Structures are given as structure tokens and as C-alpha cells.
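Let chain A serve as the given structure and place chain B on it in line with the hints.
Those protein sequences? They're chains A and B, same order as listed. Per this note's numbering, the first sequence starts with residue 1, numbered consecutively. Per this note's numbering, the second sequence starts with residue 1001, numbered consecutively.
Each hint should be verified, as a subset may be incorrect.
[To be verified] Okay, derived cross-link-like pairs now, SDA-like style, lysine to any residue, Cα gap no bigger than 25 Å in a straight line:
{"id": "1", "chain 1": "B", "residue 1": "Lys1399", "chain 2": "B", "residue 2": "Glu1327"}
{"id": "2", "chain 1": "A", "residue 1": "Lys357", "chain 2": "B", "residue 2": "Glu1400"}
{"id": "3", "chain 1": "A", "residue 1": "Lys79", "chain 2": "A", "residue 2": "Gly59"}
{"id": "4", "chain 1": "A", "residue 1": "Lys275", "chain 2": "B", "residue 2": "Lys1100"}
{"id": "5", "chain 1": "B", "residue 1": "Lys1427", "chain 2": "A", "residue 2": "Glu324"}
{"id": "6", "chain 1": "B", "residue 1": "Lys1048", "chain 2": "B", "residue 2": "Glu1082"}
{"id": "7", "chain 1": "B", "residue 1": "Lys1145", "chain 2": "A", "residue 2": "Ile335"}
{"id": "8", "chain 1": "A", "residue 1": "Lys258", "chain 2": "B", "residue 2": "Lys1172"}
{"id": "9", "chain 1": "A", "residue 1": "Lys45", "chain 2": "A", "residue 2": "Ile335"}
{"id": "10", "chain 1": "A", "residue 1": "Lys355", "chain 2": "B", "residue 2": "Asn1326"}
{"id": "11", "chain 1": "B", "residue 1": "Lys1066", "chain 2": "A", "residue 2": "Thr296"}
{"id": "12", "chain 1": "B", "residue 1": "Lys1004", "chain 2": "A", "residue 2": "Asp293"}
{"id": "13", "chain 1": "A", "residue 1": "Lys357", "chain 2": "B", "residue 2": "Glu1407"}
{"id": "14", "chain 1": "A", "residue 1": "Lys108", "chain 2": "B", "residue 2": "Lys1172"}
{"id": "15", "chain 1": "B", "residue 1": "Lys1020", "chain 2": "B", "residue 2": "Gly1171"}
{"id": "16", "chain 1": "B", "residue 1": "Lys1427", "chain 2": "A", "residue 2": "Arg201"}
{"id": "17", "chain 1": "A", "residue 1": "Lys140", "chain 2": "B", "residue 2": "Asn1326"}
{"id": "18", "chain 1": "B", "residue 1": "Lys1055", "chain 2": "B", "residue 2": "Ser1091"}
{"id": "19", "chain 1": "B", "residue 1": "Lys1151", "chain 2": "B", "residue 2": "Leu1164"}
{"id": "20", "chain 1": "A", "residue 1": "Lys275", "chain 2": "B", "residue 2": "Pro1285"}
{"id": "21", "chain 1": "B", "residue 1": "Lys1427", "chain 2": "A", "residue 2": "Asp317"}
{"id": "22", "chain 1": "A", "residue 1": "Lys275", "chain 2": "B", "residue 2": "Tyr1098"}
Treat the hints as calculated values from the structure; they're not laboratory data. Please read all numbers here as calculations on a predicted model, not as lab measurements.
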Amino acid sequence: MAKAQVAKAAKRPDYVLFDRDTQSFIYNLQVNAAQRMLDFDYTSKRETPSVAAIVNPTGSDGYQKFFYGPKEVLVPVYKSLQNASARHPNVDVMINFASFRSAYSSTKEAFAIPQIRTVVIIAEGVPERRMKELTAEARKLRKNIIGPATVGGVVAGAFKIGNTGGTIENIVDSKLHRPGSVGFVSKSGGLSNETYNIVSRNTDGIYEGIAIGGDKYPGSTLIEHLLRFQANPDIKMLVSLGEVGGIDEYDIVDALRKKKITKPLVIWVTGTCTKAFKTEVQFGHAGAKADADRETADAKNKALKDAGAIVPNSFDDYGLRIRETYEKLVRKGTIKPRPEPDVPKVPMDYAAAVKAKMIRKPTNFICTISDDRGEELMYRNMAISEVFKQDIGVGGVISLLWFKRLLPKYCTKFIEMCLMVTADHGPAVSGAHNCIVTTRAGKDLISSIVSGMLTIGPRFGGAVDGAAQMMSAALDAGKAPAQFVKEMKDKGLNIQGIGHLIKSVHNPDMRVEIIKGYAKKNFKSTKVLDYALAVERLTTQKRDNLILNVDGCIGVCFADMLRSEMPKEEADEYIRMGALNALFVVGRTMGMVGHHLDQKRLKQPLYRHPWDDIAYMLDQ
Amino acid sequence: MAQKAIREAHGKQMMARLLKEYAGGKYVVEDNFISVGPKTDLRKLPSKYKWLREKKLVVKPDQLIKRRGKNKLILVGKTYDEAVKWIKEKSSGPITIYGKFDAKGKPLDKGTEGTLTHFIIEPMVPHKETDECYVAITSNRDGDKILFYHKGGVNVGDVDAKALKLQVPVGKFPTAEELEKSLMRNLPATRRKLVAGFVEGLYKFYADLNFAYLEINPIVVLKDRVVPLDLAAKLDDTAEFESGKKWGDIEFPPPFGRTLSKEEAYIEDLDSKTGASLKLTVLNPKGRVWTMVAGGGASVIYADTITDLGYMSEMANYGEYSGDPNEEFTYKYAKTILDLMTREKDPRGKVLIIGGGIANFTDVANTFKGIVRALREYQDKLRRNDIKIYVRRGGPNYKEGLRIMRELGTEIKVPIDVYGPETHMTKVVPMAMEALKKGGR
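Isolated chain A, as found in the complex:
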């Protein structure tokens, strides 16, 4: 197949730049343009896609996924044009989407590859001198340039350059998906869509349409394409749009006079309005400026008419003249109208259908706490700039993201205090220890922290949750503290949040004092704390280290805080879901990061636990 295509490419006559077998490279990763070409291909029922590969000089080799009708296909992507050419010897067109800075060098690169016959330069703003060099080189090497500053062109039902023709609906409306009999060439790419529409409404449609681009020195000119159309037996009539400025249209005048163009030509040179301007106005195109009387639209229209072209009186009867010319050719039998083929429908893109409110689908995920899609990141209902303006602190951010509301200052400050007192508890506790051992095994930060984190649970750190739940449940059930303590003892259960290894009534834990003191002073209510303290009074009578420990104190105070700021049921739900344990997780993460960095800094080697610290008691 590839061989047959290479043979086909080599056989194309000079007047055919693109046909139904033409394959191209897209230079630069222009996903939308490539997809539009493939949509055109599908609608035109091409046998092979018109895009053989994408050359992405700043990327790496790989594949890009595209739709071909309803199916998905892979198009290869190459970093180097050389490599792409070697792999796809049948490709003879490069559509160059390089910027105005690199359009020159990439086009030169393409010219150096013998199989590349035509380069389309899309960029606007390529320096004139560079374009002149490329044009001279193309002439020497017998290659073709379309552009720069163009959308490209189309051979109806065969090959479409990049974004030419607009949406697929417009392409079908303008009958670009199957061949007609009209060869059209203009400078402007923006107006080509309009002309395809005019031609499709007044004739059997476009055979080939080319926009050469609005520069003063385009790589190919109107006359070159008109002469190609003249040579192509499938094209029966010519339509063209010229423009004020430059003298290129006089080459057409010359060709008409010398009978090099004999097919009927309907042409209009735009810019007849320039005589209304007092000083010169630069229109959109670089070349659209008359520097002499000969370059005005009026002079050019007159010269063309005198040479035998069909020139309307204004753009307004351009369509009429095209229709008359077409009908004459039909009457003469030169053009035989063909039946319309059926049109395979390109499915609508999901995004476009959503935008047009034509489809809906249930979502798989819901999020109610943050949104990064708009102008600014939102935490709940607060923009990030407002987070800083109001200086809500880490406590405020936690309040927004965890409890979906901005709690009052006394609460957010309390949250921060909890984080501060839980940040670290020395290297010996299970979390920090695991983190250190993992770090010393040469693992990365995340692995080391996760290793420590995984020890957090019912015995380590989990007392925050447990204490809050147990104490508040007992309080809510209306149990007297003594009854609660007795019940727990009867069941053989420890009371969560009570008891400390070292600290005791006589040697109080400063952390507990700080938390307790703050709650007593600032909270609206401390019922759960008070209950826990009543329980502590009973337990410390049994042993003086059975005090309310820091985990327990944080837990019960937090329960008090939540209950004063939201309905009791909601507050209890947060505790059940693990919001309090989360405080310990966030706080302790700071400590574990510290231990990880510390061990790395000290270049500590792999830890191996000493044998003599393990009692080996295997069955003898």
C-alpha cells in the first residue's frame, strides 16, 4: 500500500498539488487543525487520512489520538522532520504551523527533503526578505509555497489544508466535501469561506480553492494558481478575488491577453473604497496599500475587464456574474451537473454538544469545598485573595475546607493551637520512630512520612477521637461521672484520653494546661471538658498518673467548640468521620517532615536492630 502511494505521489502532474491520496505532515502540534482535516477526510470518504504524521520539534516521538468519524485513531508524532519523511515516503506536503520567527528555517528544512513538493506557511509576519529567499529557492528546486499569512486552501472532496473552510457544518453547506468545477484563488483567507459559500450557491461548487495570503510578496501568486487551474482539465471556470496594492493582477491581464488563460474568469479586485480616504489607510493585509495609480483597485479592475475577464460592477453582483458564467458552461455542455453524494455525518464533539445544551450526563464525582476553574481559586465560598486579605490563617483554611464555613476567630486560633501542640512528641514515639527507620533505609520523604503515619490509630494518636466520642456520649446519656468510670471498669475497658506514662497530678503536662486554659477562657461552653475533668478527679484518686492527657484534652475541647458553633448532630458526625484524628495527622506531619530532614542532614546509615535486643525463642 505504501509503495503504491509513493508511486501515486510521484505521478501527480504539476498542476495537481493535492488529490484524494495526498498525505501531509503537520509541522507543530496543531491538534485542532489536524482533527478538522480528519473530519473533512471522513466526510469526503477518503481512503487514507490526509494527515500522515505530526512533526513536533519541541516534543518527543509518540502518538496522538484523533477521531476519524465516530472511531478513534492514532497519528504518529515525530520530533524530527527527517525521521518523519523516512517513515512516510509518500508524503509530499508539509503544512507549516511554525511561528513567524521559525517559519523560514522550518520551510528551508522541508525544502531540503526531496519528497516534499509543497509547503503551506500559515504564520503571519514572516519578514519579506526571508520570504523572497524562500520563493527563489522554491523556484530553483521546483517546489510550491502557499502562504504565508494564510488559512491555506482546499481541493473539494480530496484534501483540506488545516483550518480552511471553518466548521464541518460549513464545509458541507459550502459543498466542499465533493468536487465541483470552479477553481478559486484569492489573497484573503478570511473571505475564502464567504466565497466558497457564494460559489456553492451559484455553481456546482468549488473544485479547488487557494488563499495565497495577504503579504506583499507571497510565496505563490494569483497567476500561478490560475495557470494551474487552466491546465487542470477537471476545472471548467476560474474565480478570483484580487486586492488593492501591488501589481500581481497585471500578470493575469498579461496571461489573458496572451491567451494563456482561456477558461472563463470572473474576478473582482477589492479596495475600490480607498479613494474615499484622505490619507493612506493600511487595511488588514500587509500588501493592501496602493503606492501608485496602477496599484488601485479601480485601475486593476479596468485592466482586467479590458483584457477579457468578467468583472462585476461591484462585489454585490459578483455572485450573479459567477452564476451567469456557470449557466453558460452548462448550456454549452462543458459542465455536466453531477448527482450529490450522500454525506457521512461527523458526530458532534462532546464539548460542543454540552456548550449547545444538547446533551447531559450524570457526573461521577461531586465536590463542595473548593473550585479551581474560575478566575481565582475558591476555598468553599472564599476566593484565595480574600483568604489573605482577611488573614484567616491555617486555622481558617482548615475551617473552610473541613467544616465548610469560616468559624469565628477563637475557633480558628484553637485549631492552630492544636496543630502546634501535636506537631511532634520526640523521636521515640511509634510514628516518628518508623519515619526515622524508613528514612535511614534510603527512602524518599513521602514514603518515610507515610510509614510513620500508618502507625496512627487506636493506640497512637487515636485517643483524640476516642476521648471526644466516649466523654460526649456519656455526658449526653446523662451518666454521672462515677457511674461512667464504674461501667468502664466493669467492661474492662480503658477510658480514652485518660492516663500518661510520666505526667501526673503533681507533674502536670504544660500542653494540657495551655489547651484547657484557652478553652475555659474563650469557649462559649465547656460541658464536655468539665465532664472529662470530673472523670479525671475520680481516676486520679486511684492512681495519680491517670490524668486527662493531651489527646483527651484536645478531643473533649474540640467537641465543645464544634457543639457551640453547629447543631449537636452535625458536630457528632464530624467526630465520627474522624475530623479530630485528622488534626493529629496534620499536626504530626510537621514533626515527621522534621525527623526525615534531620536524618538526611545527619547522613544516618541504614538502621539494623541489634540482635541482643530481641529475645529469640524458637522451638529448640
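Frame of chain A; chain B shown alone:
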């Protein structure tokens, strides 16, 4: 975006700075060209440039004006104080510049009115008329053309016909010998080498700096050097990324006589703030045909058709919006036009053409949002001024866009006729002209 003219002073300063590099160090143009603008403090200049008080001076306006000699706008051989007085006098109010003269020096056209704001001051170069030559380099698709004539100055005449020419293919650089052979044969033999060497360097300078046009008339040939007296030049401004550093701090001044109205300046400012394009030229504020057309190419064709149908004198503005400006920008653009066209009532009524071709990918309904907002805001004034609106557009979502426009017409009770791609792009122009003929509603 194209070839743009630069000030004479900037062109000469570039030559003074760089020509020697391209001419093997042999030709030195002294850097004594001073550009005077409205902000230049004329009192302070002599302390910076001592020669201003020591030499006889030449002063000329520096605003892309052709035929300054025939317009009597060259001051020659005066002192600095006389020069300052002359500059103040010439820039004190609007003057008229003519483009064509008969043999006796009588103007043959209506001329262009404008105000002089920029001048160039340089030392006078004493020379004989026979020392003057003409040299120009022009650009064409195949390369460049060097024109040389052994005489020069104000009365050089039709150089296109008289000058010797050398077409230089792109990428080639003619040697001094080649130039001497092809261009200098009418010059006294003793001067040929000197001038040929200068032109050799000048062409390299022209090519490497991405000039698109360079004319020196006259260049003065002295015993051992060549001095550019009058210079006009254009640069290819797309080459800014290649040659911008060598150009230095230059500007591309507007043509003489084009001063922006408040509204034009406002739109130019808007244009500079968006990646999209917004353009406005007011041609005749009393005109009855106003346009608001999407797309550079389409806007020209609408203006053409108005002209071709014989309503050039009624055409109030030229403008375009393209490149998908957002709602805020189209709103501001539309408001500016509506404001201009409703300032003064014409009993015969006015028309507004909201035109455009078939858009490629721009959502038509979206771009109409800003225009609809402006029309709604101006509805009272639109009714009071008997304004009839014609809409024509195609492209993505155009049906929705046209529906919005149709409904707006009913809502604000302003006649809005709406057409899509089934109607020829400019058909609304003859319809609007017909309405104008009938006069007020």
C-alpha cells in the same frame, strides 16, 4: 505588519552608526543629525551639540513629507537662532502640503492639511549642484532594484525613466566593480570608484537591516567622501525580531495630516489592549451610512460596495472588528459608533450596517452579545435619529445570533433587518441605500 516609513533623522542616524561596518570602514557618515519633536527643549540643544552654534544649518520637517523643497519647507544656511525661530513659526498652526506642482511651482492638487511637529536639524554641506547624485533601492518580489542617476536634487525629475537600474536577485550582493559598470557610466570617471564603493556598502546595510525602501536624493559627492543630504526610507516591520536591535529607538510615524479624532484614538487604544483587532476611521461624521463589520477583508468589501453604489460621500466610517474580541470590547466598540452616529440628527434618517462574512470558528451569537448590549442602551437615541439597522452574518451558531438580533428589534422598536449566509454578503448594502433614498420613516 508591513512596510512602514521611518523619520529621516532615524534613517540617517542608523547610517551614521552602522554604515561603516558594511562598507569595510571606508565610508563614515558623521552622526550630526538632530531629531526635534514637540518635547525637545530647543534652548538646551546647543550645550549638547556644540556644532549648532559653529556651523551654518539646514532644517526640514521630518514627517514623511514628499516634495519639501517645492513646498518651501527647507531652511538652508542659517544660524541656530534663525533655525529655532523658523521651527516655532512653522509649527505654530496647521499648514497645507501639496503633492503635485506645475513647471512654475504652482500646486496642482488640493493638498493635505496638517500640523508640523517634527524637524531634523543638520549642518549645511557646502557643495556645487554638479556634486549631487540620486540613489535609491526598492524592493520587489525577485529581490531589490538599485537606481542611480548621475544628477540629483529637487529637480531630478522622473527617475523611474532616467536612472540606470540594476536588479539584484535575493541573496546576492553586487561588488563595487559590478555597480560601477552597470550604474556609474554617466558619472565623471574620477568619482566612480568612490560612489560605487559607497553604494556597495549601502546595499549591504539596506539588506541586513531589512529595509524595504531607501532613497537618498541627493547624495553629495565630495573629494573623499559621500554625504547623504535627503533621505526617505521604509522598514519591513515584521523583521523587528531580526533587526530591531540595529534599528535602535525608532518610531513609525503616521502620515502627515492624519490626526486621530478622540474616538479613533480611543479605539486604537482599545485595539492595543486586546489580541483581537478593532479599527475605526471616521470619514465623514455627518455621513448617513455607518458600518460595523466583522473581518478585515469583509469590511473593505462593504466599504467598496457603498462606494461602488455611489454613496461614497455618505459613508461615515471605515472600521472592522475581528479575532474574536470579548463582549466588553465589542460593547465598547459598538457604543463608540452608536454615539458618533446619534450626535446630530439628520431628518432623512441614517442606516447602520452590521455586516460580516461567514466566520471560521468565532461563535457569532457570542460576538453579538456586546453589540446587543450597546444597541439596547442606545435605543432611545436610535429611535430619535430614525436609524434603520441591517444585519448580515454567517458562521458557527449564526442562527442563534440572528435570532437574538431579530428579537432585539421587536423589543427596542428599532427596525432591524436580519440576514444569514443564504443572502449575498453585501446584499444589505443596496437595501440600506434604498432605505436612505426613501428618507425618514
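Do the hints match the structure? See the list:
1. For the hint pairing B/Lys1399 with B/Glu1327, the CA-to-CA distance comes to about 18 Å; that is within 25 Å, so the pair holds.
2. About 13 Å separates the Cα atoms of A/Lys357 and B/Glu1400, which keeps this hinted pair within 25 Å; it holds.
3. Taken as a hint, the A/Lys79 and A/Gly59 pair is honoured in the structure, with Cα atoms around 6 Å apart against an allowance of 25 Å.
4. The straight-line distance between the Cα atoms of A/Lys275 and B/Lys1100 is roughly 17 Å, inside the 25 Å bound, and the hint therefore holds.
5. Distance restraint check for B/Lys1427 and A/Glu324: the Cα-Cα separation of roughly 18 Å lies within the 25 Å cut-off, and the hinted pair is therefore satisfied.
6. The straight-line distance between the Cα atoms of B/Lys1048 and B/Glu1082 is roughly 18 Å, inside the 25 Å bound, and the hint therefore holds.
7. For the hint pairing B/Lys1145 with A/Ile335, the CA-to-CA distance comes to about 46 Å; that exceeds 25 Å, so the pair is violated.
8. The straight-line distance between the Cα atoms of A/Lys258 and B/Lys1172 is roughly 32 Å, outside the 25 Å bound, and the hint therefore fails.
9. A C-alpha spacing of about 23 Å is found between A/Lys45 and A/Ile335, which places the hinted pair at or below 25 Å, so the restraint holds.
10. As the CA atoms of A/Lys355 and B/Asn1326 are separated by approximately 17 Å, the hinted pair is consistent with the 25 Å bound.
11. Only pairs whose Cα atoms come within 25 Å are accepted, and B/Lys1066 paired with A/Thr296 is accepted, the gap being roughly 20 Å.
12. Between B/Lys1004 and A/Asp293, the direct Cα distance comes to roughly 19 Å. Compliance with the 25 Å bound is thereby established for this hinted pair.
13. Using a Cα cut-off of 25 Å, the hinted pair A/Lys357 and B/Glu1407 holds, with the two alpha carbons roughly 21 Å apart.
14. Between A/Lys108 and B/Lys1172, the direct Cα distance comes to roughly 18 Å. Compliance with the 25 Å bound is thereby established for this hinted pair.
15. Straight-line distance between C-alpha atoms of B/Lys1020 and B/Gly1171 comes to about 21 Å, which keeps the hinted pair within the 25 Å bound.
16. Among the hinted pairs, B/Lys1427 with A/Arg201 is consistent with the structure: their alpha-carbon atoms are about 14 Å apart, no more than 25 Å.
17. Proximity of A/Lys140 to B/Asn1326 is assessed by CA-CA distance (about 46 Å); at most 25 Å being required, the pair is judged violated.
18. For the suggested pair B/Lys1055 and B/Ser1091, the alpha carbons sit about 23 Å apart, so the restraint of at most 25 Å is met.
19. About 11 Å separates the Cα atoms of B/Lys1151 and B/Leu1164, which keeps this hinted pair within 25 Å; it holds.
20. Proximity of A/Lys275 to B/Pro1285 is assessed by CA-CA distance (about 17 Å); at most 25 Å being required, the pair is judged to hold.
21. Simply put, B/Lys1427 and A/Asp317 have alpha-carbon atoms about 9 Å apart, close enough for the 25 Å limit, and the pair holds.
22. Between A/Lys275 and B/Tyr1098, the direct Cα distance comes to roughly 17 Å. Compliance with the 25 Å bound is thereby established for this hinted pair.
Going down the numbered hints, you'll see the structure goes against 7, 8 and 17, while the others check out.
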